[in-house]
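Visitor: The chain contents come next:
Number of protein chains: 2
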Amino acid sequence: MAFTEFRPLDEKSLIEYIKATPSLSSKLGDKSDDLTIKEVGDGNLNFVYIVIGASGSFVIKQALSYIRCIGESWPLTKERAYFEALALKEHGQLCPDHVPEVYHFDRTMSLIGMRYLEPPHIILRKGLIAGVEYPLLSEHMSEYMAKTLFYTSLLYRTTTVHKRAVAEFCGNAELCRHTEQVVFSDPYKVSQYNHWTSPYLDRDAEAVREDNTLKLEIAELKSKFSERTQALVHGDLHTSSVMVTLDSTQVIDPEFAFYGPMGFDIGAYVGNLILSFFAQEGHADEGNDRMAYKEWILRTIEETWTLFYKKFTALWHQHKDGSGEAYLPEIYNKPELQKLVQEKYMEDLLHDTLGFGAAKMIRRIVGVAHVEDFESIKDDVKRAACERRALEVAKMLLKERRNFRDISGVVSAIRRV
Amino acid sequence: MAFTEFRPLDEKSLIEYIKATPSLSSKLGDKSDDLTIKEVGDGNLNFVYIVIGASGSFVIKQALSYIRCIGESWPLTKERAYFEALALKEHGQLCPDHVPEVYHFDRTMSLIGMRYLEPPHIILRKGLIAGVEYPLLSEHMSEYMAKTLFYTSLLYRTTTVHKRAVAEFCGNAELCRHTEQVVFSDPYKVSQYNHWTSPYLDRDAEAVREDNTLKLEIAELKSKFSERTQALVHGDLHTSSVMVTLDSTQVIDPEFAFYGPMGFDIGAYVGNLILSFFAQEGHADEGNDRMAYKEWILRTIEETWTLFYKKFTALWHQHKDGSGEAYLPEIYNKPELQKLVQEKYMEDLLHDTLGFGAAKMIRRIVGVAHVEDFESIKDDVKRAACERRALEVAKMLLKERRNFRDISGVVSAIRRV
Chain B
1 MAFTEFRPLD EKSLIEYIKA TPSLSSKLGD KSDDLTIKEV GDGNLNFVYI VIGASGSFVI
61 KQALSYIRCI GESWPLTKER AYFEALALKE HGQLCPDHVP EVYHFDRTMS LIGMRYLEPP
121 HIILRKGLIA GVEYPLLSEH MSEYMAKTLF YTSLLYRTTT VHKRAVAEFC GNAELCRHTE
181 QVVFSDPYKV SQYNHWTSPY LDRDAEAVRE DNTLKLEIAE LKSKFSERTQ ALVHGDLHTS
241 SVMVTLDSTQ VIDPEFAFYG PMGFDIGAYV GNLILSFFAQ EGHADEGNDR MAYKEWILRT
301 IEETWTLFYK KFTALWHQHK DGSGEAYLPE IYNKPELQKL VQEKYMEDLL HDTLGFGAAK
361 MIRRIVGVAH VEDFESIKDD VKRAACERRA LEVAKMLLKE RRNFRDISGV VSAIRRV
Chain H
1 MAFTEFRPLD EKSLIEYIKA TPSLSSKLGD KSDDLTIKEV GDGNLNFVYI VIGASGSFVI
61 KQALSYIRCI GESWPLTKER AYFEALALKE HGQLCPDHVP EVYHFDRTMS LIGMRYLEPP
121 HIILRKGLIA GVEYPLLSEH MSEYMAKTLF YTSLLYRTTT VHKRAVAEFC GNAELCRHTE
181 QVVFSDPYKV SQYNHWTSPY LDRDAEAVRE DNTLKLEIAE LKSKFSERTQ ALVHGDLHTS
241 SVMVTLDSTQ VIDPEFAFYG PMGFDIGAYV GNLILSFFAQ EGHADEGNDR MAYKEWILRT
301 IEETWTLFYK KFTALWHQHK DGSGEAYLPE IYNKPELQKL VQEKYMEDLL HDTLGFGAAK
361 MIRRIVGVAH VEDFESIKDD VKRAACERRA LEVAKMLLKE RRNFRDISGV VSAIRRV
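From first to last, the protein sequence lines are chains B and H. Per full-length UniProt numbering, the very first residue in the first sequence carries number 1; after that it's consecutive. Per full-length UniProt numbering, the very first residue in the second sequence carries number 1; after that it's consecutive.
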């Protein structure tokens, strides 16, 4: 049975679908009647089923044509599943250790079948709320970002290959438009979906809407987001797009993928770590003041950038005589010049990272979609205090980002708050 | 007779082609046997025929799959004719007064039929060499650039429309790649096609290849050229892409069109005016020392930017509550804030203009394709002196561009040399 037009699946029709799809049914072993199916889509956008059979398992993710957490009043094309599958495959090829394998994609059904990230994998954000230290996290995330961003940029690719890929992902315009709205626009104006810890942050939210310097900076970042086709970015790389165990790190949900500025990914990830840092005080109790954990988060932020820097520039060095057309070896032909251009490139990337990271922080405090790090703090006063500190740091980073030369200065500034 | 596959036309087969093509033959009147056909492709790339009939005329431009002035050893896709026709139509709709009308396009034949720009239209570059003042030139060129760049940017367009157009023009990758090579790469390395007024400029050419700061700056510009999809740029807007009379200004040859940085067009045009300025001394004779004309060129440079600034920001103001998604009126909601973001935008654009303009100047002195402004100076010593001054100004503009706040400072700097 092939589905010739889109229909949302429920548990019953999902079983029929699996039986009719060899690339899926073959994963489960012979007795395909003996299936466990569980809907776990706690994300904002899609339906997600875990399917476990006698000798195997997978996840089925189906996109609907609206945003699940808001409802049909906020439509969002289900074609995003196509771009998610495309990005999973592309990033998966470049970094198979940290991207789940895709087993099956059905464009008509906006449906992806992929590796089930079995327990004890959990969403990184939940681990951070629980105060768990992940010893390999920085190593893994820096690896993922260095590989996916480097290999899809003009540092590695020819113009011909690059423009072909850019054109393809231009098709994901509606998702980009959504980001433009919720990250770069809504927090800076009155918008029906905006909310914050009221009344405590009323003045803070208003201050964001009244801050000319902030609006000037956010315009520059929005322009970069909309116009700079630097690399194939994940597009939504916050701490709920990462699943972890103590020794595994898997990046999921790249439905917002497009050719955009690298700093948008690195910033999303680092910005969400900073949010987690400021939420810790709300999770402290008598048994655990979270002071040590806060230091671990700061260390993680610093290590993430430092390792990313190291891995990214190592890839650059490794491929400097390769097909990439940005820096031809006949022009950048001396070690001191190579050092000079790399330092410039990486410093610009740090500034982008801080700018986009700050923008992602701000929108999680006064925009439409908040983060569980703060939302799980029950006491409004306490939550507002945490959020305010995060908001102040974000505003500072957005405005002062060009003054930071390295990540240690950033970490010191966060610690000083 | 339809041509089902590509073949290069000669005068004889062109007549057959015209007879078989109503959109062309209808332009010429009844007696289609009474045609005058003249090949005038003095450009670097294509064959161009002027066709004049009893009651009308047109131009036929056919692209071949190599660069005409170099030969079959430098291939260049004839698909460029498709993007040229597309850009002519798009820019023509936005600015019909300064873009020749397209009557016919044949993708199989890589052939465009368009308005014949009748005498006394001449190539602007030739007019500048002859020392002719064009009283409406700044008005017209600023109008063309303001309209074509504004209306194809996110200041006017939605993200959806923008990304669709960006994707389409990604198809012109091979032409972009050509520009990357000849503008941003070849002049900064040893390349078989590079040449200069030797031996006089041997040291100057070498100095360009040894200048780390220059190479750092050119990398930043190349990245902007390759990655920033700001607007539909002409892509090759030098003074031979403009035809003029005293009261008409027509922009032709946008085969390099793509979504790129606005400053690449404005810079190409202004940079070529600066080249013309420095070539004047080589054209001076006893009857005319060209001093007054040099002042006219400087005035033209200043007026071009000033009028562009005025027209572009006027369009922005006019459409500020329109469909453009870059600066939402609910965010940029106060006159002083609007002023602030516009000033920032225009200052950044000036810096891009100076950077790209300088890059275009440098490549015309030590790269593969030179300009008639200098080439027509027969005396090598004299030509080298003119070129050296232009080269020095270009290097200064490329390195110091961020220190200029307005165009009058630029003009003063040029005059000081």
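Do not take every clue at face value.
Stated by the list, open to error - Okay, the calculated bits of chain B under chain H, using three or more residues with CB under 8 Å as the criterion:
hint, segment
1, 102–114
2, 147–160
3, 167–178
4, 320–331
5, 371–378
Rather than coming from a laboratory, the hints here were simulated on the basis of the structure. What you are looking at is a predicted structure, and each value in this text was computed from that prediction instead of being measured. Where a beta carbon is used, it is the ideal one built from N, C-alpha and C, also for glycine.
Visitor: State for each hint whether it applies.
Guide: Right, here's what the structure says about each hint:
Three residues within the 8 Å Cβ limit are the bar, and the segment 102–114 of chain B against chain H gives 0, so the coverage statement is violated. By the rule of at least three residues with a Cβ nearer than 8 Å to a Cβ of chain H, the coverage given for the segment 147–160 of chain B holds, with 4 such residues. Coverage of the segment 167–178 of chain B by chain H holds [criterion: at least 3 residues with CB-CB distance below 8 Å; count 8]. Residues of the segment 320–331 of chain B lying with their CB closer than 8 Å to a CB of chain H number 6, which satisfies the three-residue condition for coverage.
For a cut-off of 8 Å, the count of residues in the segment 371–378 of chain B with a CB near a CB of chain H stands at 0, and the three-residue condition is violated.
Of the numbered hints given earlier, the model fails hints 1, 5; all others are met.
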